[in-house]
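Listed in order, the protein sequences are those of chains E and W.
Residues in the first sequence are numbered from 1 upward in steps of one, following my numbering.
Residues in the second sequence are numbered from 1 upward in steps of one, following my numbering.
Just to be clear, a hint being listed does not mean it is correct.
As the list claims (entries may be wrong) - To list a few chain E residues with every Cβ distance to chain W over 12 Å, as calculated:
hint	residue
1	E28
2	N82
3	K106
4	N107
5	H115
6	D185
Claimed, not checked - Computed spacing ranges between beta-carbons, pair by pair:
hint	chain 1	residue 1	chain 2	residue 2	range
7	E	S173	W	L174	34 to 40 Å
8	E	Q36	W	L41	34 to 40 Å
9	W	N136	E	K182	48 to 54 Å
10	W	F172	E	P171	50 to 56 Å
11	W	S152	E	K151	50 to 56 Å
12	W	P110	E	V58	22 to 28 Å
13	W	F172	E	L174	48 to 54 Å
14	E	P110	W	L41	18 to 24 Å
15	E	L174	W	Y37	24 to 30 Å
16	W	R117	E	K144	27 to 33 Å
17	W	D59	E	P110	28 to 34 Å
18	W	Y60	E	L174	34 to 40 Å
19	W	H111	E	T187	30 to 36 Å
Keep in mind that the hints were calculated from the coordinates and are not lab data.
Positions of the beta carbon are idealized from the N, C-alpha and C atoms, including for glycine.
Residue strings, one per chain:
2 protein chains.
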Amino acid sequence: MINYPNRKQNQNIVTKIKSHSYRGANLEDDLNQTNQYYLDLNKANIHKKPTPIMVVKVDYPSRNKAKIVEAYYKVPSTTDYNGVYRSKAIDFEAKETNSQTALPLKNIHPHQLEHMRNVEYHGGISFIIIRFVYYNETYLLYFKDLDLFMKSNDRKSVPYAWIKENAYLIPFSLTPPIHYLKVLDETLFKGEFK
Amino acid sequence: MINYPNRKQNQNIVTKIKSHSYRGANLEDDLNQTNQYYLDLNKANIHKKPTPIMVVKVDYPSRNKAKIVEAYYKVPSTTDYNGVYRSKAIDFEAKETNSQTALPLKNIHPHQLEHMRNVEYHGGISFIIIRFVYYNETYLLYFKDLDLFMKSNDRKSVPYAWIKENAYLIPFSLTPPIHYLKVLDETLFKGEFK
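Just chain E, same shape as in the assembly (with noise of 0.2 Å):
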């Protein structure tokens, strides 16, 4: 009995692991330990932007220190991901969905799908990674493609069975968790930098 509090905390760290090999952290943090591992290994430099927030008012309790006492989110204007990888710019997207069926067009912003054309026509690559909670996938949908698909229809929201045939499936791993770059090698760079 004396090791009771030891053993549950085991538990608890068991539970966790294998809770995590079955469903995976959540898609944020799984793309931060992605980008990390990135940047570690030199491989890109992709980070996630601040959370846009506007400040109303600031306290000074001490000299130096400012404490933010009233503030709001803001609706993001771009996309929550960009940086560098083999030249190109990136930018892109995450979305997480419940849904079995869809991913609904309302969770990305008219001014988001705008900020991803403009970035395309600028010549940078533009995407959005999609993870589908109920199926523990994750896949990577080139902005292009979603575009075709928004011109061609007005559908609220985007099939999974459209996803799963236009959108990669991108395999999970334990280092990095969703190794989305792998799949810009492949389709993107073709193996030209093999």
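Following the hints, complete the assembly by docking chain W onto the known chain E.
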């Protein structure tokens, strides 16, 4: 006398325009205006990243409305601006100084320097936009040149005279206020897109 309030207002406007032409707005405003100009004219897609803030406590005074009531500024781990221009990943930091003699290097965090070095390694274009408020001059200094400077000595600041010789003066105009991409066109792309 009836016109007095209007006249005063007009005088204010004139003073503002005049003082703007002499001193310029602050560097961040000028850059935001310049980047918006580039975006509107389809020249480039470059944005200021949101300021990184660590949110500690959020209240919900009403449904769907989140009010941040405790938060702190974080030290930025990357640069302030990035995006894409002529298929190239652009990444830069902006610094204003009141010094007449040098840009203090303590203004730039070591991990920001590390970040810029890394962006260059991956094929992006990294630089610093420096404004000497006293002279009302704004320069573009390529990170590569700054890096050579830092490696060749251990000064704690970059002398104004050295910047005059090794950086590029960005001519002031009204639209856009800081046409820094012109410097890239003339020095990096060397007219290849004319």
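Outcome of the hint check:
no., hint, result
1, E28, "holds, 14 Å"
2, N82, "violated, 6 Å"
3, K106, "holds, 15 Å"
4, N107, "holds, 16 Å"
5, H115, "violated, 7 Å"
6, D185, "holds, 14 Å"
7, S173/E with L174/W: 34 to 40 Å, "violated, 53 Å"
8, Q36/E with L41/W: 34 to 40 Å, "holds, 36 Å"
9, N136/W with K182/E: 48 to 54 Å, "holds, 49 Å"
10, F172/W with P171/E: 50 to 56 Å, "holds, 52 Å"
11, S152/W with K151/E: 50 to 56 Å, "holds, 54 Å"
12, P110/W with V58/E: 22 to 28 Å, "holds, 26 Å"
13, F172/W with L174/E: 48 to 54 Å, "holds, 53 Å"
14, P110/E with L41/W: 18 to 24 Å, "holds, 21 Å"
15, L174/E with Y37/W: 24 to 30 Å, "violated, 46 Å"
16, R117/W with K144/E: 27 to 33 Å, "holds, 32 Å"
17, D59/W with P110/E: 28 to 34 Å, "holds, 29 Å"
18, Y60/W with L174/E: 34 to 40 Å, "holds, 37 Å"
19, H111/W with T187/E: 30 to 36 Å, "holds, 33 Å"
Consistency note: the structure conflicts with the earlier hints numbered 2, 5, 7 and 15.
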